[in-house]
Amino acid sequence: MVTETTSAATDKIRCDACPVMCYIKPGAAGACDRYANHDGKLVRVDPHVILERTVSHGGKLVPFSRTEDWDGKIVHEPSTFVTAIGAGTTYPDYKPAPFIVSAEVDGVDMVTVVTEGIFSYCGIKVKIDTDRYLGPETATVRAQGEAVGHVTTSEYGSQMLSLGGVHHLTGGSKKEGRVTCDTLMDLANCKAVELTIDGGASVVVQAGHPPIVNGVKEERMRVGCGSATIGMFAKQWHGKVDEVVVVDDHITGVLSEHQAGKLLDIADTGIKMKGRRSTPGRYFQVADPGTGWGGTNISDPLAILGPFDKKEAKAGLTMLMVSTTGEHSSYYVLDEALKPVETEMPADLKFSVERIQENCEPALCTVLFMAGAGGSLRAGVTDNPVRLTRSVKDALTRVTSGGAPVYVWPGGGITYMVDVRQMPSGAFGYVPTPALVAPIEFTMKLSDYAALGGHMDYVKPLSEVRGGDDVRQLPWQNPIPGPRA
Amino acid sequence: MTRLPQIAWLSDGRRLHLQDGPIDLIVEARGDASQVRAAYDAAARRFTGLLDELCLELTELRKAAEPGTCSLKGVVARRMHAAVAPYAADCFITPMAAVAGSVAEEILGAMLNAASLDQAYVNNGGDIALHLARGEHFSVGLMDRPGRDGVMRRMKVVADDPVRGIATSGRHGRSFSLGIADAVTVLAATASQADAAATIIANAVDLPGHPAIVRQPANELQPDSDLGARLVTRDVSELSPTEIAAALESGAECARHLFDRGLIEGAVMQLSGDMLVIGPKDIERQRSRPPVLENAVHA
Numbered sequence: 001m002v003t004e005t006t007s008a009a010t011d012k013i014r015c016d017a018c019p020v021m022c023y024i025k026p027g028a029a030g031a032c033d034r035y036a037n038h039d040g041k042l043v044r045v046d047p048h049v050i051l052e053r054t055v056s057h058g059g060k061l062v063p064f065s066r067t068e069d070w071d072g073k074i075v076h077e078p079s080t081f082v083t084a085i086g087a088g089t090t091y092p093d094y095k096p097a098p099f100i101v102s103a104e105v106d107g108v109d110m111v112t113v114v115t116e117g118i119f120s121y122c123g124i125k126v127k128i129d130t131d132r133y134l135g136p137e138t139a140t141v142r143a144q145g146e147a148v149g150h151v152t153t154s155e156y157g158s159q160m161l162s163l164g165g166v167h168h169l170t171g172g173s174k175k176e177g178r179v180t181c182d183t184l185m186d187l188a189n190c191k192a193v194e195l196t197i198d199g200g201a202s203v204v205v206q207a208g209h210p211p212i213v214n215g216v217k218e219e220r221m222r223v224g225c226g227s228a229t230i231g232m233f234a235k236q237w238h239g240k241v242d243e244v245v246v247v248d249d250h251i252t253g254v255l256s257e258h259q260a261g262k263l264l265d266i267a268d269t270g271i272k273m274k275g276r277r278s279t280p281g282r283y284f285q286v287a288d289p290g291t292g293w294g295g296t297n298i299s300d301p302l303a304i305l306g307p308f309d310k311k312e313a314k315a316g317l318t319m320l321m322v323s324t325t326g327e328h329s330s331y332y333v334l335d336e337a338l339k340p341v342e343t344e345m346p347a348d349l350k351f352s353v354e355r356i357q358e359n360c361e362p363a364l365c366t367v368l369f370m371a372g373a374g375g376s377l378r379a380g381v382t383d384n385p386v387r388l389t390r391s392v393k394d395a396l397t398r399v400t401s402g403g404a405p406v407y408v409w410p411g412g413g414i415t416y417m418v419d420v421r422q423m424p425s426g427a428f429g430y431v432p433t434p435a436l437v438a439p440i441e442f443t444m445k446l447s448d449y450a451a452l453g454g455h456m457d458y459v460k461p462l463s464e465v466r467g468g469d470d471v472r473q474l475p476w477q478n479p480i481p482g483p484r485a
Numbered sequence: 001m002t003r004l005p006q007i008a009w010l011s012d013g014r015r016l017h018l019q020d021g022p023i024d025l026i027v028e029a030r031g032d033a034s035q036v037r038a039a040y041d042a043a044a045r046r047f048t049g050l051l052d053e054l055c056l057e058l059t060e061l062r063k064a065a066e067p068g069t070c071s072l073k074g075v076v077a078r079r080m081h082a083a084v085a086p087y088a089a090d091c092f093i094t095p096m097a098a099v100a101g102s103v104a105e106e107i108l109g110a111m112l113n114a115a116s117l118d119q120a121y122v123n124n125g126g127d128i129a130l131h132l133a134r135g136e137h138f139s140v141g142l143m144d145r146p147g148r149d150g151v152m153r154r155m156k157v158v159a160d161d162p163v164r165g166i167a168t169s170g171r172h173g174r175s176f177s178l179g180i181a182d183a184v185t186v187l188a189a190t191a192s193q194a195d196a197a198a199t200i201i202a203n204a205v206d207l208p209g210h211p212a213i214v215r216q217p218a219n220e221l222q223p224d225s226d227l228g229a230r231l232v233t234r235d236v237s238e239l240s241p242t243e244i245a246a247a248l249e250s251g252a253e254c255a256r257h258l259f260d261r262g263l264i265e266g267a268v269m270q271l272s273g274d275m276l277v278i279g280p281k282d283i284e285r286q287r288s289r290p291p292v293l294e295n296a297v298h299a
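Residue numbers (the working numbering), protein chains in the order written: chain X, 1 to 485; chain P, 1 to 299.
Keep in mind the hints are simulated off the structure, nothing from the lab. Hints may be right or wrong, so weigh each one.
[Unchecked claim] Heads up, simulated SDA-like pairs for lysine to any residue below, C-alpha to C-alpha not over 20 Å straight-line:
1. X:25 - P:220
2. X:217 - X:337
3. P:73 - X:12
4. X:41 - P:176
5. X:25 - P:73
6. X:25 - P:230
7. X:272 - P:62
8. P:63 - X:23
9. X:272 - P:230
10. X:25 - P:228
11. X:12 - P:176
12. X:12 - P:217
[Stated by the list, open to error] According to the in silico footprint, chain X covers these stretches of chain P (three or more CB under 8 Å from chain X):
13. 27-33
14. 49-62
Here a beta-carbon is modelled for each residue, glycine too, at the ideal position from N, C-alpha and C.
Model the full structure from these sequences, guided by the hints.
Shown next, in the form of structure tokens:
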């Protein structure tokens, strides 16, 4: 064996892909010709193992998209973590996960089992911040004409879509499966995807970007419904204006009738609203949906008011009408006939409208990847897969995906959701099965890892793994991915 | 838990692909279906853990072999040593020079212990262990270098020949060569012997000190190379026909010597398009170059 010279010791890396443990110089490959040192980083130079196996089964080769566009700048907190991206794996996972890394953090010997999972059971939940009508609930969502999911519930200021899942991936035609897989992977890798909804709109969805509905880019997400806006700003309006109406297609709010106004002893104004009163100060269906004020079809807000009650209203009464985004606003003073007359808005009310605008967050699309870690993936982590599940449920083991925190669903299996924008770009790949390939890491105390039947022989100290620019920082407050509160 | 290698069928569903770290084997057995099945099972079983076994003694295996004594313990490690021992007195050689052939031989041995086969081969990246039952034969194609199209020579190995191992070495392969041969293919009684001899002969095809040859210390390329700081061939510029002939003759002298010692059954040396054949094997010239075959071995 060659005695290492000190000059060579600085730039070579040690490959841990197999027990030969080659030292590899920059630009060179190891004894296998499969792993190489690329600028101090250990990279595979042949196709991924999964793909190799696909090929050896006569399958089609699909290149991984994760090799480029690594921005590496997703996180800001100290402490390092090894992600599974590029760890490689085999399917079924009959051998230990490619990297089992131990790191001493705050005196706790932590173990991270790093692997890439192949998920046939996976999908994407999309939240589209818009009040615009995208389509009826349960309507089919299509990409390239193929059914890839459906419209699910409307949530606060947003419309949810549910895409993928095993039925679209494997239950339909070959093309449906392929298009679904492409759509999921593109969305997961933060690329723009055009979706069309049966009986509804066409929407361009890209994680972290505003939705584009029927060619119109959504700018702002409402601060709240009209009623909520009343609640939020009542104190700021108190004493500056007699009445405020927040115009909203869903729930229009009226300050003087609203609970928030009552608490501030705001006097009745004799206002009469059109639409259907839900609870005091909250009105449904004041107009039809549209692109006017607050998602209604009106351009003159007075159209939603009836005549003021002569018993309570007084001449000189002031009123602010504003939409849920602050995009539209008008100021009125009642004349002698108790008719609202538009007047220039006082500065402090203008300020409150600006405050509404300021509190409207930019409308975004958010993409959560959801997948279930099957038994074979778990077997790559431990000899006794169910113990891993229990360990996760008992909050002894923290699951992450590409270093990003995940939400693990209660109940059976390890079904998790992760915000794809917390993950490094290009973290997802796919195999033509079709199924998505996503990184997944399990972090736990070394002692807990041993207890659940971990592959202790394959645990490596972090110092042997880290190095080069592959080391990134974690998005967590707490450097140790500990149990969730 | 034992680390498990990659075990998969190739797309033809006939040949088995075994891969673990740097070891990459293509295995085929022919004969009675149940026997073939048993042989593949045995191959997969024996392959599992084989790399780990070798790596236990990797430090020793990377040291120059001593001609007389062998302190290695593993059966494959000892076979590697035995294959290089005949050369150890005269030159620097480590057991690693025979690793590929020795592994191929081990897997084939495991298959033959488990089953009775008509034909079988274990191809470890061009270092091939063969089995031929009575009356069977293999047709072996030679290519002038990896990646080139076409089989340029073809030879027949029959059951009555003593040849059960074929190995190729040269400067284009995965391991380094001290010589300049594009390829040296050796036929020998065993794959491990063929492997060691191919390394020795390929090293001998050389023009020491020639300015057209770029050499570099092996450990500058691979820090843990068993060749240490020895100069390995990186590039060869154009050589004159006389120079090519001289380099090949230098290799041929070595090969004849090995043939006389009974270490090889034949050798084919190739350099810059010229070829020199040593030994009694009948090597036919291909009239036309058929498309390249996935493996040089086919029946």
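Hint check results:
no. : hint          : result
1   : X:25 - P:220  : 8 Å, holds
2   : X:217 - X:337 : 43 Å, violated
3   : P:73 - X:12   : 31 Å, violated
4   : X:41 - P:176  : 23 Å, violated
5   : X:25 - P:73   : 31 Å, violated
6   : X:25 - P:230  : 17 Å, holds
7   : X:272 - P:62  : 94 Å, violated
8   : P:63 - X:23   : 17 Å, holds
9   : X:272 - P:230 : 97 Å, violated
10  : X:25 - P:228  : 14 Å, holds
11  : X:12 - P:176  : 19 Å, holds
12  : X:12 - P:217  : 16 Å, holds
13  : 27-33         : violated (count 0)
14  : 49-62         : holds (count 6)
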